[in-house]
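Student: Chain residues, written in single-letter form:
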Amino acid sequence: MKRCGSFVGTFFVIASAFAADEQPVLAHVIDSSTDRIPAQTVAPEYPRKARRDRVEGEVQVCFEVTREGQTRRVAVRNSTHRTFEKPSLKAVRASSFRPLGKDETLPAIKSCRTFVFSLEPAEEDASVDVNQADNSA
Amino acid sequence: MMSLAAVGVYADEDTNSKTVIGPRNIYLSDGADALLAHNALEGVPLTLKGLAMAHGQREEKIAHSNLCAGFLMLEQPQTALEHCNWVLERDPYHWRSYNNRALVYLAMERFEESEADIKKGQELNPRSETLKEVKGIYLDTVEPVDEKIIIDDRRKSPLPPLEKPE
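Order-wise, the sequence lines are chains A and B. First residue of the first sequence? That's 1 in this note's numbering, and the numbers climb one at a time after it. First residue of the second sequence? That's 1001 in this note's numbering, and the numbers climb one at a time after it.
A few of these clues could be false.
Claimed, not checked - Pulled from the structure, derived: some chain A residues nowhere near chain B, Cβ distances all over 12 Å:
#, residue
1, Arg48
2, Glu68
3, Gly69
4, Ser88
5, Gly101
6, Arg113
Stated by the list, open to error - The list that follows gives simulated cross-link-like pairs (lysine to aspartate or glutamate, EDC-like), each with its CA atoms no further than 20 Å apart:
#, chain 1, residue 1, chain 2, residue 2
7, A, Lys49, B, Asp1152
8, A, Lys110, B, Asp1152
9, A, Lys49, B, Glu1060
To be verified - Listed next, the stretches of chain A that the computed footprint assigns to chain B, with coverage defined by at least 3 CB atoms under 8 Å from CB atoms of chain B:
#, stretch
10, 38–47
11, 51–60
12, 114–123
Quick caveat, the hints were computed from the structure, so don't treat them as lab data. Even for Gly, the Cβ is constructed at its ideal location relative to N, Cα and C.
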């Protein structure tokens, strides 16, 4: 069986799991055209100094995905600020994709993931509403 | 409670200041050590003793600057403000006192004055990490933000896909 269909239309919101003493980070995951289905998507930590200095930025990380779903050869392709690179690389290295089945072939093994770090005015209640996000997809 | 890490204590940041003041005024030195260890309950009385036996304006300035930090740690901003003002009236270039007074004003919810002191401090010492911390505390108080990270896989790889195996 050949699988080259895309993982279309998925738009969900996760609250990334960090240590209890850290600020929770809202992470929106948009995945509409990767060739591999994410198994575990790890959100990077917002660098403390960047948050303190109100710095926002973007990093594009490219990597290969093995048949087993692990990422390898992870490297920054573009970034607006070096401070965001390390947590982005770490997040990709900790992420994984669903392994391919025996009969599945790889349409491409190189993928890229863009992390957009932004700061928004704090809301009174920043709880995550997964259902609302699912409905918008 | 105010972030203690952002409170500046006049002890070892200036070159050899601690070794100079130590032998002359042991109370000031020990008080600074206690304040640096965030022990204001010990540091403030020691520094007050040091102030009582201060020799010259330099030691007085050190004592008042540290008392500003110490009383701020003790959550007595009005008393802290008096000590910061004492220093700044005599030395308007004392960036550390602007740093501490900004925190004092923040504790008193006098936000405009806090912002003005941060600006003055950063003009005097633009690279100070302590002042950057205080500015971060100020911004978190007056303009709190939530971190948001978007993970976007839609952008295609810059490389062409590999050829499919036969």
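Student: It remains to establish, for every hint, whether it holds in the given structure.
Tutor: Quick rundown of the hints versus the structure:
A/Arg48, annotated as away from the interface, has a beta carbon of chain B within 12 Å; the closest lies near 9 Å. Distance check for A/Glu68 against chain B: the nearest CB is about 17 Å away, which clears 12 Å, and the non-interface claim stands. Even its closest Cβ contact with chain B, about 14 Å, leaves A/Gly69 beyond 12 Å, as expected for a residue assigned away from the interface. Look at A/Ser88: its CB is around 9 Å from the nearest CB on chain B, not clear of 12 Å, so calling it non-interface is violated.
Residue placement check: A/Gly101 keeps its beta carbon more than 12 Å from all beta carbons of chain B (closest about 15 Å). Non-interface call for A/Arg113 relative to chain B: violated, since the shortest CB-CB distance, roughly 5 Å, does not exceed 12 Å. The straight-line distance between the Cα atoms of A/Lys49 and B/Asp1152 is roughly 23 Å, outside the 20 Å bound, and the hint therefore fails. Distance restraint check for A/Lys110 and B/Asp1152: the Cα-Cα separation of roughly 15 Å lies within the 20 Å cut-off, and the hinted pair is therefore satisfied.
For the given pair, A/Lys49 sits about 35 Å from B/Glu1060 by alpha-carbon distance, which is inconsistent with the 20 Å threshold. Coverage of the stretch 38–47 of chain A by chain B holds in this model, with 5 residues showing a Cβ closer than 8 Å to a Cβ of that chain against a need of three. Taking a C-beta to C-beta cut-off of 8 Å, the stretch 51–60 of chain A contributes 5 residues in contact with chain B, enough for the three needed, and the coverage statement holds. Counting residues of the stretch 114–123 of chain A whose CB lies closer than 8 Å to any CB of chain B gives 10, so the stated coverage by that chain holds, three being the minimum.
Consistency with the previously given hints fails for numbers 1, 4, 6, 7, 9, ordered from lowest to highest.
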